[in-house]
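Peer 1: Each chain, letter by letter, is given below.
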Amino acid sequence: MTELTCIVCPVGCRIRVDRAENGLKISGNDCPRGLTYAREEMTAPKRILTAVVEVAGGESMLPVKTKEAIAKAKIWLAMQETKAITVSGPVTVGQVIKDNVAGSGVPLVATGMIPGDA
Amino acid sequence: MLNTKAVDLVVVGGGPAGMAAAVAAAEAGVEEIVLLERQAKLGGILPQCIHNGFGLRYFKEELTGPEYAYRFMLELKKKPRIQVKTETMVVTITPDRQVVTTSAAEGLVCYQARAVILAMGCRERPRGAINIPGTRPAGIYTAGSLQYLLNIEGFLPGRTAVILGSGDIGLIMARRLTLEGIRVRAVLELMPYSNGLNRNVVQCLEDFNIPLYLSHTVTAIHGQGRVEKVSVAPVDADLQPLVEKGFDLACDTLVLSVGLIPENELSLQAGVELDPATGGPVVDSFYQTTVEGIFACGNVAHVHDVVDDVSAESAIAGRAAAAYLRGEIGGNRWLPVKAGRNIRSVVPQRIVVGQATPLYIRARFPEKNAQLNVGHGHSKRRIVSPGETIYYTVKPEDICSQEGFVRVGLEGGKVDD
Numbered sequence: 001m002t003e004l005t006c007i008v009c010p011v012g013c014r015i016r017v018d019r020a021e022n023g024l025k026i027s028g029n030d031c032p033r034g035l036t037y038a039r040e041e042m043t044a045p046k047r048i049l050t051a052v053v054e055v056a057g058g059e060s061m062l063p064v065k066t067k068e069a070i071a072k073a074k075i076w077l078a079m080q081e082t083k084a085i086t087v088s089g090p091v092t093v094g095q096v097i098k099d100n101v102a103g104s105g106v107p108l109v110a111t112g113m114i115p116g117d118a
Numbered sequence: 119m120l121n122t123k124a125v126d127l128v129v130v131g132g133g134p135a136g137m138a139a140a141v142a143a144a145e146a147g148v149e150e151i152v153l154l155e156r157q158a159k160l161g162g163i164l165p166q167c168i169h170n171g172f173g174l175r176y177f178k179e180e181l182t183g184p185e186y187a188y189r190f191m192l193e194l195k196k197k198p199r200i201q202v203k204t205e206t207m208v209v210t211i212t213p214d215r216q217v218v219t220t221s222a223a224e225g226l227v228c229y230q231a232r233a234v235i236l237a238m239g240c241r242e243r244p245r246g247a248i249n250i251p252g253t254r255p256a257g258i259y260t261a262g263s264l265q266y267l268l269n270i271e272g273f274l275p276g277r278t279a280v281i282l283g284s285g286d287i288g289l290i291m292a293r294r295l296t297l298e299g300i301r302v303r304a305v306l307e308l309m310p311y312s313n314g315l316n317r318n319v320v321q322c323l324e325d326f327n328i329p330l331y332l333s334h335t336v337t338a339i340h341g342q343g344r345v346e347k348v349s350v351a352p353v354d355a356d357l358q359p360l361v362e363k364g365f366d367l368a369c370d371t372l373v374l375s376v377g378l379i380p381e382n383e384l385s386l387q388a389g390v391e392l393d394p395a396t397g398g399p400v401v402d403s404f405y406q407t408t409v410e411g412i413f414a415c416g417n418v419a420h421v422h423d424v425v426d427d428v429s430a431e432s433a434i435a436g437r438a439a440a441a442y443l444r445g446e447i448g449g450n451r452w453l454p455v456k457a458g459r460n461i462r463s464v465v466p467q468r469i470v471v472g473q474a475t476p477l478y479i480r481a482r483f484p485e486k487n488a489q490l491n492v493g494h495g496h497s498k499r500r501i502v503s504p505g506e507t508i509y510y511t512v513k514p515e516d517i518c519s520q521e522g523f524v525r526v527g528l529e530g531g532k533v534d535d
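Protein chains in written order, with the numbering used here: chain A, 1 to 118; chain B, 119 to 535.
Excised from the complex, chain B in its bound form (with noise of 0.2 Å):
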């Protein structure tokens, strides 16, 4: 028979996300937290980002990533009350909250939660997701997999590199390669913009000297057992390849940084409802989905910028958790957030009225000197741009609960350069 035991808040998933949310529901107050981890080691993606630039909002210093998960060890350790469960695997969640699991100590146990945070982060997008034709040898790598291998295994790839992506991992993962003798030809843009922070341009490609070809994308891979070259061209204004521009570039190792896709098949089980533009659950200003007593934070919500903002979001759907198992949210009052002009994403997507909630919005393309509007309030913007979250805390002066929606809008940018 299987093993059941009553708890009161279940954490799915201890990178950063899971580590905060179940460090502030017990400062809360919360009684008896099950923390749920797969791996053999919490802390989830940081102790691969050993680069700097971490935790400047929330420590207030500039941190690495097993630096910064370290401060989050420290602190559940100095919480009794959290049982944290590693190489402990979520098999299934139910709408009413039940949480299987399987380990090779426990074996088959079921948690019934009364709350249960999902923080199960997201994934990279691979090969397959963009569709590159050509062989299929060894040496191509999605650049989280590939920092896995470099900077915990330390196993280097290969001799020479094209990165495909100029998202974060891709920017970070030139440097580091590159530091590690590999020559990075190229880093290739489908966009005709860096879908990462501009400082990563700056320190990662600038310094370094390595060559970013905005709206080129990878149109073949060559080579049998192993990566030989591949066939890169420029693209149109609708994205597609301009294969008699093209040109070929040695290498031997490819490395796609193409995207991250919220990991929310456990989700889904439990009857959540997501959001297209996010790919994670719909939300509330306290971070309670679309089932009761169910949150979801971090990346398994929406693809963050920084960890910063996973703690910071994490620690009030925490503490929104322990005011759930005291009674005390529940039937609240919410709008749906409208995407107005050039906005891609707003998360939360559903407002409650009488709370200030800030928000994670992305807009579709970049412009400059734009107004945001959110609801009745507004602010200037000097520069927007896909790759970078806007933030914008609603007041409750904000919102007018006639309308029925609060509505989100960028107006009178500019577009060009």
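Just chain A, with the same shape it has in the complex (with noise of 0.2 Å):
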């Protein structure tokens, strides 16, 4: 048996984990959201990342997210590739700042924006 808190909404329900017969027992979860994260988080644990990257002569940071959750493992070498991203404007919310980010098959996007200067 394992006990899990639910990380997909602040309501954070303590979700029982018992492998069946079948595959896995999941119980405590209040929707079907925390259904999918306890199954995937005992077989494969993803997370979104969330960071900021440089913006070419701008004067603050842009934020990023991976649009879709990635494996954990992967989010190290996501956050090194993150990291070496300039980026230079305009950006509009959403835009594609880098594709395939780790190898996961999922893009990196902004969540802010770079006003243009046109």
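Since the hints were made in silico from the structure, they are not lab data. Keep in mind that the hints are not guaranteed to be accurate.
Covered stretches of chain A (in silico footprint by chain B; criterion: 3 or more residues with CB under 8 Å from a CB of chain B, positions within the stretch not fixed) [claimed, not checked]:
| # | region |
| --- | --- |
| 1 | 45 to 56 |
| 2 | 65 to 79 |
| 3 | 108 to 114 |
Model, not experiment: these values are computed from the prediction. From the three backbone atoms N, C-alpha and C, an ideal C-beta is built for every residue, glycine too.
Two chains, each in its own frame: build the complex with the hints.
Peer 2: Shown next as structure tokens:
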């Protein structure tokens, strides 16, 4: 038996996972997303990475995220790749900053914007 | 002579609370709204909160702080009735709703408003608020100001950090510093439980093997030009440090995440009564303060766990201000909330009779399987903890107006582990 705290939303359900004959028995989740979280957490845990990247000639950093959760094991590599990036404006919210970050198949996207000077 | 402008509604503060209140007031038909923000950009604290987890309740999707702010900025752009004044500082608010502002662009301007919404947010408690002995070297930051330096300015503060306080910002910063290559040696928490959301303990500390020392505090800061180490000690049941059991942690950075205080200097000038339990104005079901026509919402009213609640509450305040301007709310009968067993605070503090009112309740200590009683209404709570808001919507039938108050209490819970 394993007890998990669901991290999908701030409610933080305590989820109980038991190994059953035909897979995992999951209980304690208030919503279906908790079910998915618990199953993934037991088999292939994933996280969204958020960070900032440098802006060429800019005064402030540009916030970014992986568009979806990536394998927890790839977080460090993804962070290294992110730190190496410098972007130039303009950038809109949701724009892809880097494809396939850390070989995850998931793009890194902007969560803030750099206004254009045009 | 002071330049005076008459307007319907002034909203003080362009963070999540002010933006949501202004949008809701405009949608409810208020003609002329002025939104005042002292920073160059709207969004308040959101632009520096680059982590995800925002918006699950309000937008039903998971957003980062900057994305959440962006949604509201788009809404504001669609509302020509809202004049946004950035880099404008409010210096005074009077009880008769004169809002005096100063800005480089317009100089001194006085808005005579028919209604005012206070949405100034909150501030961090600094080192001085908790009296840590020791030297005064560089390298001591409050978690929020470090978050600004790191996420907006791209400034790395040091190489090895200790974090005091396990509130959400402290936990989020533990992960953020670790990802940036700064070694976080420990998160220390004075209380025997974390003050942050459980999900943040899991995804910020456990994911990165950062130790959390409950019932521990910093007893001294060492270092001349720069922090060199901190002395740490466990505390007893009365929260007094057991110095003989203490130890030192070498670090060049100390991060303080030791609580937030609603920023109410302007509210006091306006004659608004504050609740000592929240540090924010006493408000009714419509988020109207004790001064007629002055409303308060967001972290200036009480410190929230999640921004979604700020938006929801501020929309109530915005719509209520619109109703007030139409002469629809006024002279309502209300009952005060009385905090019973294990209740630290309840917002709103005044429940308008006949009005379904969502309550934000905070417990004093953690317990399991308690019953929450609100007037004659009740519900079971599996786990309550001071770090997590307890939600309950009071229904009109929960209240008996002859009693003269609404008692809120937790009963029959188990305190152990």
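Peer 1: Now look at each hint and say whether the structure bears it out.
Peer 2: Now for the hints, and whether the structure bears them out:
1. Coverage of the region 45 to 56 of chain A by chain B holds in this model, with 7 residues showing a Cβ closer than 8 Å to a Cβ of that chain against a need of three.
2. Figure legend: the region 65 to 79 of chain A, annotated as covered by chain B; annotation consistent (4 residues with Cβ-Cβ distances under 8 Å, at least 3 required).
3. Against chain B, the region 108 to 114 of chain A contributes 3 residues with a C-beta closer than 8 Å to a partner C-beta. That satisfies the three-residue criterion, and the hint holds.
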